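Q: One-letter residues, chain by chain:
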Amino acid sequence: MQHTATQDTLVGLFVAAGIAGLFFLALQVSNLSSFGQQDTYTVTARFESSGGLKIKSAVSAAGVKIGKVTNISFDTKTYQAVVSMAIDAKYNTLPDDTTASIFTAGLLGEQYVNLDAGGSDTVLKNGSQIDITQSAIILEKIIGQFLFKSAEEKAQGDKK
Amino acid sequence: MMQFFQNLGADTRTSFTKLGRGTYFLLSTLAGIASILPRPRLLMNQLYSVGVLSFLIITISGLFVGMLLGLQGFYILSDFGAEESLGVMVSASLVRELGPVVTALLFAGRAGSALTAEIGLMKATEQLSGMEMMAVDPIRRIITPRFLAGFISMPLLAALFSAVGIIGGQLVGSGLLGVDDGSYWSQMQTQIDFYDDILNGVIKSVIFGFVTSWIALFEGYDAIPTSEGVSRATTRTVVNSAFSILILDFILTALMFGDK
Chain C
1 MQHTATQDTL
11 VGLFVAAGIA
21 GLFFLALQVS
31 NLSSFGQQDT
41 YTVTARFESS
51 GGLKIKSAVS
61 AAGVKIGKVT
71 NISFDTKTYQ
81 AVVSMAIDAK
91 YNTLPDDTTA
101 SIFTAGLLGE
111 QYVNLDAGGS
121 DTVLKNGSQI
131 DITQSAIILE
141 KIIGQFLFKS
151 AEEKAQGDKK
Chain W
1001 MMQFFQNLGA
1011 DTRTSFTKLG
1021 RGTYFLLSTL
1031 AGIASILPRP
1041 RLLMNQLYSV
1051 GVLSFLIITI
1061 SGLFVGMLLG
1071 LQGFYILSDF
1081 GAEESLGVMV
1091 SASLVRELGP
1101 VVTALLFAGR
1111 AGSALTAEIG
1121 LMKATEQLSG
1131 MEMMAVDPIR
1141 RIITPRFLAG
1151 FISMPLLAAL
1161 FSAVGIIGGQ
1171 LVGSGLLGVD
1181 DGSYWSQMQT
1191 QIDFYDDILN
1201 GVIKSVIFGF
1211 VTSWIALFEG
1221 YDAIPTSEGV
1231 SRATTRTVVN
1241 SAFSILILDF
1251 ILTALMFGDK
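Which chain is which? The protein sequence lines are C and W, in order. For the first sequence, the residue numbers in the working numbering are 1 to 160. For the second sequence, the residue numbers in the working numbering are 1001 to 1260.
Honestly, I wouldn't trust all of these hints.
Chain C is faced by these chain W residues, among others (derived, beta-carbon under 8 Å) [what the hints assert, rightly or not]: (1) L1047; (2) I1057; (3) S1093; (4) V1095; (5) L1156; (6) A1159; (7) S1162; (8) M1188; (9) I1192; (10) F1194; (11) D1197; (12) I1251; (13) A1254; (14) F1257.
Capping the alpha-carbon separation at 16 Å, the derived lysine to aspartate or glutamate pairs in EDC-like fashion look like this [as the list claims (entries may be wrong)]: (15) K54/C x D1181/W; (16) K65/C x D116/C; (17) K141/C x D39/C; (18) K56/C x D121/C; (19) K125/C x E153/C; (20) K56/C x D1222/W; (21) K65/C x E110/C; (22) K65/C x E48/C; (23) K56/C x D1193/W.
Counterexamples of contact, computed for chain C against chain W with all Cβ distances above 12 Å [stated by the list, open to error]: (24) T40; (25) F74; (26) T76; (27) D88; (28) N92; (29) D97; (30) E110; (31) T122; (32) Q129; (33) T133; (34) G144; (35) F146; (36) E153; (37) K154.
None of these hints come from the bench; they were simulated from the model. Small disclaimer: the values here were computed from a predicted structure and weren't measured. C-beta atoms are modelled at their ideal positions from N, C-alpha and C, and glycine is treated no differently.
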């Protein structure tokens, strides 16, 4: 090979471009940058129904993502869903009377846990349990109630 | 009837001998890696012809595949009012499947066939025997650098393919069709997991690089040393690589994403 320097440069550029592509995928495309190996603490909450909540679903407070769901299990004594959440260690000032509710992002979106801060002076620590919870809203139930209600109204209207 | 069984037996025997020769070939190639390390120039030359020369076809295909996914995904997702998920769709399909698979297929067509033809011609013109005469091991001198180059280039090319494709999807999605730029990226970042999606894609491309380089080099080395034999070997490289890539991809996907 005659033009060794040019060739080396081209190979170098190629390898650099490939590694840049990998970094792009890791940092820009995946969730590695937002929640990697950061310190977290775990709190649990009991819900009557966990709805469509999944492991890795977001945990947010005031619309900001502060953690994720790490485990969902069924308690055979109380018949409740036990949801464990890993919350980023820098958000360590959540009061222990915080309310946890399961909301849906948009009409058909993913379900997530929303934390509403309370007013207590003591804060949630690793292993704490959130006592005040609000279960997932199940769309079918609401549609059922709505249909039932409108049928009832119609029946009353017919009587008049 | 006896003829049928005789043919079947002969076919079985030839395919097993070929598999055995292929495995022996692979092992002696891998054994040669240690002797390459003090001579990086051999590897550099091959990285140039295998990697750098494939760069253009991979990036351009990646760009257009990504743009196509953006366009098609937009039309499908807008039926459900979920255009914001375009980024997830484009990146998940690229990172998990299309990136490694299409790159490997293009790589087999672009670099694999060239490797087979080169080695086959070396064999036909008795260059390999000439090296042996000079007490130079042709596997270490010729095969191992090419194998390593293919093995190194594939994951890099696949990562480039996916990255360029995702940018292409973004160009079409938010540039042309008006998907919100922020939700394109943010939905992608929440849905794509580094270990489950990206790392598995990289593992796939490493395995494909290993398999395509092995097939290409072995077919060349095992070719009948005539012009017809070399042309047949080149065809076999492309066909066998495509088969192995697609079958392996199914198996790997079932193993990696099966438990979801």
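Q: Is the nearest CB of chain W more than 12 Å from the CB of D88/C?
A: Answer for D88/C: holds, closest chain W Cβ roughly 15 Å.
Q: Does the nearest C-beta of chain C fall within a distance shorter than 8 Å of the C-beta of V1095/W?
A: 7 Å, holds
Q: Does K65/C pair with E48/C here, judged by a C-alpha cut-off of 16 Å?
A: Roughly 23 Å between the alpha carbons, so the hint for K65/C and E48/C is violated.
Q: Run the C-beta distances from T122/C to all of chain W and say if the shortest one exceeds 12 Å.
A: At roughly 31 Å from the nearest Cβ of chain W, T122/C sits farther out than 12 Å, so the non-interface label holds.
Q: Would you check whether I1251/W satisfies its interface hint, that is, whether its CB is within less than 8 Å of any CB in chain C?
A: 23 Å, violated
Q: Is K56/C close enough to D121/C, meaning Cα to Cα at most 16 Å?
A: 29 Å, violated
Q: Would T133/C pass as off the interface with chain W, using Cβ distances and a cut of 12 Å?
A: The claim stands: T133/C keeps its Cβ more than 12 Å from every Cβ of chain W (closest is about 23 Å).
Q: Mind checking the CB of A1254/W against every CB in chain C and telling me if the closest is under 8 Å?
A: At 21 Å from the nearest chain C Cβ, A1254/W fails the 8 Å test, so the hint is violated.
Q: Decide, holds or violated, for the assertion that all CB atoms of chain W are farther than 12 Å from the CB of E110/C.
A: 8 Å, violated
Q: Report holds or violated for the interface hint on A1159/W, using the least CB-CB distance to chain C and a cut-off of 8 Å.
A: Holds, because the Cβ-Cβ distance from A1159/W to chain C comes to roughly 4 Å (cut-off 8 Å).
Q: Hey, is F74/C genuinely clear of chain W, shortest beta carbon separation above 12 Å?
A: 19 Å, holds
Q: Under 8 Å, Cβ to Cβ, is where I1057/W needs to be relative to chain C, so tell me if that hint holds or is violated.
A: Result: violated, 13 Å to nearest chain C Cβ.
Checked against the numbered hints above, the structure breaks hints 2, 3, 12, 13, 14, 15, 17, 18, 19, 20, 22, 30 and satisfies the rest.
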